[in-house]
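Put chain B on the given structure of chain A with help from the hints.
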Amino acid sequence: MTPLKPLSPRQEALDSILQVRQAYSGATINADTWYKIVGIAWDSRMQAGDRREIQRSLRAVLLEAARTGGQHDAAS
Amino acid sequence: MQLLELKLRNWGPFYGEHKVDLAVDPSAPVILFRGENMRGKTSLLRAIVWCLYGQLREQDGRTPLPVGKMVNLDALQAGDTPFGVTLRFSHNGVEYVLHRSGTADSDQPDKVIVSQVVVDLIPVGGLPYPAANIPEIIDGIISRDIADFFFFDGEMLTRFEERLREERATSQGFVRAQVERALGLPFMTNLASDLETIQDAITASMDQVLRKEKKNNALSEKFRDKTDELAGVEKDLADLRARDTDLVAQIADYEAQLSKVEEIKELYYERKALEADIERGEDTIKDIRASIANLAETNWWLPAADTLVAKLEAAEAEIVAAEDADRERYKLQFRIDQVEKQLGSGVCPACGQPVSVHNEAELNAELSQLRQELAASPTKSVDDARRQRDRLRPFGRAASVLQRVFEQEQDLGREKLRVDKKRQRTRQISEQISGNTVNIDALERTLVHLKATKQRSGLALSGLEDKRQALKNEVNRIGNQIADQPEVDETERRLQRSVNEAQEIVSKSFDHFRESMRDRVAKATSDLFLRLTTEKEYSGVSINEDYLLSVIDHQGRALSMISAGANQILTMAFIGALAECSVDEAPMVMDTPFGRLDTGHRNAILSWVSTFNTQVILFVQSGEYEPERHAYLLDGKIGREYTIDRLSPTRSEVHAA
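These protein sequence lines are chains A and B, in that order. Going by this note's numbering, the first residue of the first sequence is number 1, and it counts up by one from there. Going by this note's numbering, the first residue of the second sequence is number 1, and it counts up by one from there.
One chain only, chain A, in its complex shape (with noise of 0.2 Å):
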């Protein structure tokens, strides 16, 4: 609406997710992980029907992450 806008809502979701994972004891999903995650979340937001294929998504993601145990953390 105007031109100074701060944080996307999305991406205050992201930030609000980080700050807990970085007080969480052994957190082994990193940032990168949670940037699809959320990515997937928010492009889907407004999907209230069938979401299976988010799920499928998000496991896709998340089994990518089991995979590699938390390596490649750009972010953390």
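No lab work stands behind these hints, which were simulated from the structure alone. These numbers come from a predicted model, not from an experiment. All C-beta atoms in this analysis are idealised placements derived from N, C-alpha and C, irrespective of residue type, glycine included. One or more of the hints may lead you astray.
To be verified - Pair by pair, the computed Cβ-Cβ distance ranges are:
#1 B:267 x A:49: 30 to 38 Å
#2 B:635 x A:22: 43 to 51 Å
#3 B:486 x A:50: 31 to 39 Å
#4 B:440 x A:22: 54 to 62 Å
#5 A:39 x B:448: 47 to 55 Å
#6 B:444 x A:31: 52 to 60 Å
#7 B:264 x A:39: 23 to 31 Å
#8 B:74 x A:49: 37 to 45 Å
#9 B:264 x A:22: 54 to 62 Å
#10 A:50 x B:63: 27 to 35 Å
#11 B:440 x A:49: 25 to 33 Å
#12 B:440 x A:39: 35 to 43 Å
Quick look at chain B alone, frame taken from chain A:
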């Protein structure tokens, strides 16, 4: 989202087909529609809302408005029964055409039956979407739940303003749900729910593997028992939630009915007062009629008043003439007496000198002359004339009696007119409240009962949610035990732990996210309120957990009482802030938004609107906006300007200004 074009057919006062271009450039995104009341401004706003959502609400924001009320009556009378709205808009670089139409029919006045409502949504250059998917697609572009923040009229603003300050639980829930939807918060609850589903599936899959080994049967049974128990609780929870939602809807419905009844109550009391006035008016009419009748009876001669008055005037003239004649006769007689005396004594009675012979002859001639004159003079008695006049005298007030009769006739006419007007209004009210068989007491009792049930339902829900959470934790704990078994695939195990971790982090992040979004909207509301208000004693706005608003003074105290104008500005600031913070971008469409505002506030809002770079559509009437006085406030941001002109009470047209 930007609206590009609106097409109407037989909609509201717009008979036939009408097309309005709405495409604007970000450098001049304001579209003005100027039109006096009853020209069709609200009909245009409703056309947009109905086309998008297929539903309309009355200005209270709650009561459903049947679309039949929007059908052009001239068209219906002419047998032109199709009606509809087409909206061309763009969203995320894609252009869409949304068309919603129906057929109207009417078997009695004021009752329009709508049938064959169809909706099409076609991306330009693409294939139409299946009709069943359209609501979800539109909801994804601009959710119905938050449409009130973008498409609102001045009257709805007042209702919204009331809701923001109401203590009613349902209203708070309504505001909270709408605001959180606008801020994108449901995305995180959806994510948590998706993660839970994924986790359940993973654990179930691991359990399948585990069951193959007999030694794991006990753990597997335990897992299945708890999962079944959890499923039972979740089913109960779903039933209870559905019941709770139903209760909320019922409460909202009863509140809407009661708010309607409030209007009816007012009309009822107005009619009662009018009926008392009419009774008094009828008494006055009777009194005036009686007075006129009395005047007519006591002045029975009035029809012959002209003749009688003429006779009276004649009698008075006769008296004057008779008196003049009497005076003349008296003078003659007096002279005769003098002359006779002079002749009899031979001495002048005046000077005592002897009368000479010559003089005697003259005196005799004079005497003879005088006697002739006396004999010739009229002998009518003045007494007769006076008697005649006295008989006619009462008729001399004919003019004043006639004036009184005239004045009373006028009073009678005025009173009749007043009574007739009151009777007319009484008939109008009777029509408005006819068919109202609402029992207010019963409504209020039911509402109290529903609220009590809702409270109990809330407690039961909360208890069941706790139970579900405890069971869920138990299932997760067993799930972790299952994952620890050597038979489980390592990647599956790690996936289960990752999902667990994701779930915990998401659930802990929700409050932080909600708080940061609430802070954001609170700051935006406060900034906008301070920008729009003309009062200097306010330092900002605070928003509580239920998004109830308070204005803060310079000592940091929440003000319990602020003016109606300040309330409207506060609501406008909140809606503006929500539109600003909303995750959806949509045009702001405001119908008659300045109704109750003074010049200062109105100017501040127009200046604020001039800062927009997204589409704004303003419907204004001359009392709110005058081009020569207010256009400069929009700082050259007017991209299009239209006037809504009235052709007849049932027909209007939109023209470029």
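Taking the Cβ atom of residue 486 (chain B) and the Cβ atom of residue 50 (chain A), is their distance within the range 31 to 39 Å?
holds (36 Å)
Verdict for residue 264 (chain B), residue 22 (chain A) (Cβ pair) under range 54 to 62 Å:
Between residue 264 (chain B) and residue 22 (chain A), where Cβ atoms are some 60 Å apart, the hint holds.
Would you say the C-beta atoms of residue 440 (chain B) and residue 49 (chain A) sit inside 25 to 33 Å of each other?
About 42 Å separates the Cβ atoms of residue 440 (chain B) and residue 49 (chain A), which means 25 to 33 Å is violated.
Just tell me: holds or violated, for the beta carbon distance of residue 444 (chain B) and residue 31 (chain A) against 52 to 60 Å?
The hinted range 52 to 60 Å holds for residue 444 (chain B) and residue 31 (chain A), with Cβ atoms some 56 Å apart.
Check the following: the C-beta atoms of residue 74 (chain B) and residue 49 (chain A) are separated by a distance inside 37 to 45 Å.
holds (42 Å)
Mind checking the hinted window 23 to 31 Å against the Cβ distance between residue 264 (chain B) and residue 39 (chain A)?
violated (53 Å)
Mind checking the hinted window 27 to 35 Å against the Cβ distance between residue 50 (chain A) and residue 63 (chain B)?
holds (33 Å)
Supplied distance hint 47 to 55 Å, evaluated on CB atoms of residue 39 (chain A) and residue 448 (chain B)
Hint holds: Cβ distance 48 Å, inside 47 to 55 Å.
Do the beta carbons of residue 440 (chain B) and residue 22 (chain A) sit within 54 to 62 Å of each other?
Holds, at about 58 Å.
State, for the Cβ atoms of residue 440 (chain B) and residue 39 (chain A), whether the hinted interval 35 to 43 Å holds or is violated.
violated (54 Å)
Taking the CB of residue 267 (chain B) and the CB of residue 49 (chain A), does the distance hold inside 30 to 38 Å?
violated (45 Å)
For the hint 43 to 51 Å, verify it against the beta carbon of residue 635 (chain B) and that of residue 22 (chain A).
holds (45 Å)
Hint compliance for this structure: hints 1, 7, 11, 12 are not met, and every other hint is.
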